[in-house]
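Novice: Below are the chains, spelled out letter by letter.
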Amino acid sequence: GNSVTQMEGPVTLSEEAFLTINCTYTATGYPSLFWYVQYPGEGLQLLLKATKADDKGSNKGFEATYRKETTSFHLEKGSVQVSDSAVYFCALRLDRGSTLGRLYFGRGTQLTVWP
Amino acid sequence: NAGVTQTPKFQVLKTGQSMTLQCAQDMNHNSMYWYRQDPGMGLRLIYYSASEGTTDKGEVPNGYNVSRLNKREFSLRLESAAPSQTSVYFCASSGKDRASNYGYTFGSGTRLTVV
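Sequences listed follow chains A and B, in order. Take the first sequence: its position 56, counting from 1, is numbered 56 in the working numbering, and each next residue is one higher. All you need for the working numbering is the position in the second sequence, starting with 1, plus 115.
FYI, nobody ran anything at the bench for these hints, they're computed from the structure.
One side of the interface only, derived from the structure: several residues of chain B facing chain A at Cβ under 8 Å:
#, residue
1, Y163
2, F205
3, Y219
4, F221
Note that the Cβ used here is the ideal one computed from N, Cα and C, for glycine as well.
If we strip away everything but chain A, and leave its shape as in the complex, we get (with noise of 0.2 Å):
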């Protein structure tokens, strides 16, 4: 089946510190992977995206590239900011087949940065 696996939260960190958040996945065929973020309150947001192997999606410092080969799509920033507090979800979609379109959501990683 299809699924996505995402480290468990919460992250704290402070600000100006090094992000990692892990999220791997496992498909039946050649996926789509993308991050999202949710701001309190809010609905969800794509961060970035890459749609094939090796492809590095990018947006506001972060940063993730997606390994067939260990099937994951970390996502990554250098430095963060207290803005950068919200709930991170990795998701992928399958781009032929029945659920031509659907996303598939991990279970979210709530991420608090203090000043």
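Once you've looked at the hints, dock chain B against the given chain A.
Specialist: Quick look at chain B alone, frame taken from chain A:
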């Protein structure tokens, strides 16, 4: 502003009551989705509609029904609410074209409490 609009934002129901959550998108997207979000569970797909006139069950459809009224609107109905349906509900839509990478747009959510 273009996007996905959900109503209501908050709702309290008594066990056994019924209600309909409304969702509308103005991006001419073909596909629409209803998710529920529970602590530690991430987002779970309730129902989805790949195109106008079609609906399919997701991971957790029991206790819910949906209607794809037209291309813009996709409603979720709880016929007899139960406390287990206390959750935050998100509607989302996605475009069919590969150029947009089936980008998802989420509504801001409905926080439902069943007492």
